[in-house]
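**Student:** So you can see what is in the structure, the chains are spelled out below.
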Amino acid sequence: QKEVEQDPGPLSVPEGAIVSLNCTYSNSAFQYFMWYRQYSRKGPELLMYTYSSGNKEDGRFTAQVDKSSKYISLFIRDSQPSDSATYLCAMTRGSYIPTFGRGTSLIVHP
Amino acid sequence: KAGVTQTPRYLIKTRGQQVTLSCSPISGHRSVSWYQQTPGQGLQFLFEYFSETQRNKGNFPGRFSGRQFSNSRSEMNVSTLELGDSALYLCASSLEGGNYGYTFGSGTRLTVV
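As you go down the protein sequences, you meet chains U and A in turn. Residues in the first sequence are numbered consecutively from 1, following my numbering. Residues in the second sequence are numbered consecutively from 1001, following my numbering.
Keep in mind that a hint or two might mislead.
Facing chain U, a subset of chain A residues (Cβ under 10 Å, in silico) [stated by the list, open to error]:
no., residue
1, 1008
2, 1028
3, 1041
4, 1050
5, 1055
6, 1081
7, 1084
8, 1088
9, 1099
10, 1106
Read the hints as simulated data drawn from the structure, not as lab findings. Small disclaimer: the values here were computed from a predicted structure and weren't measured. Glycine is no exception: its CB is placed at the ideal position from the N, C-alpha and C atoms.
So that you can see chain U by itself, here it is in the shape it has in the complex (with noise of 0.2 Å):
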């Protein structure tokens, strides 16, 4: 078992649709959680980061940890066509390296 799960996808939505994507992890040691956007042929964005459980807002974008049962989400309001990217989820222990997520390809369609 990996240490970080996230779908592959890919995940297809219709333009203003309510996106969710989730990672899963095994490891109760994990404190700091990112999530990045990847863009075709581009590197890794960093979207937001969230220290420990609760919610965190950022404009379209809510990033949510439930450290009690290893899960965090990121949900996207009024999803936009150049939403449609890969996204990773991330997470570290504190020890400045992350593990990171396979990445969830996302398809906002018009």
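Got chain U sorted already, so can you dock chain A onto it with the hints?
**Tutor:** Chain A alone, transformed into the frame defined by chain U:
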């Protein structure tokens, strides 16, 4: 401010050759990490340099090496290239490490033939 610059963007090499990739981090960032990204394995950590010292190392063979200079610029070297080394190599820059997130470069696409 300028982002993370990786050169070259694309590279084609022959098995057995060696290659050097370069990364210029964001000004003021002391930590530079290198990752290999492939469709099959996702993002895999190679190593991290902090203030010219290798602070962390991933589970890659000794053919993969790196260094960091006093201006924080970093290079990674792969010797005796194998077909399986074909991948996107990403450099990630941060102030202190990856806990609060990285800024990634656009990567170097290496193809070994």
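**Student:** With reference to the structure, classify each hint as holding or not holding.
**Tutor:** How the hints compare with the structure:
| no. | hint | result |
| --- | --- | --- |
| 1 | 1008 | 14 Å, violated |
| 2 | 1028 | 17 Å, violated |
| 3 | 1041 | 8 Å, holds |
| 4 | 1050 | 8 Å, holds |
| 5 | 1055 | 7 Å, holds |
| 6 | 1081 | 22 Å, violated |
| 7 | 1084 | 18 Å, violated |
| 8 | 1088 | 8 Å, holds |
| 9 | 1099 | 5 Å, holds |
| 10 | 1106 | 5 Å, holds |
The structure does not agree with the numbered hints 1, 2, 6 and 7 stated previously, though it agrees with the rest.
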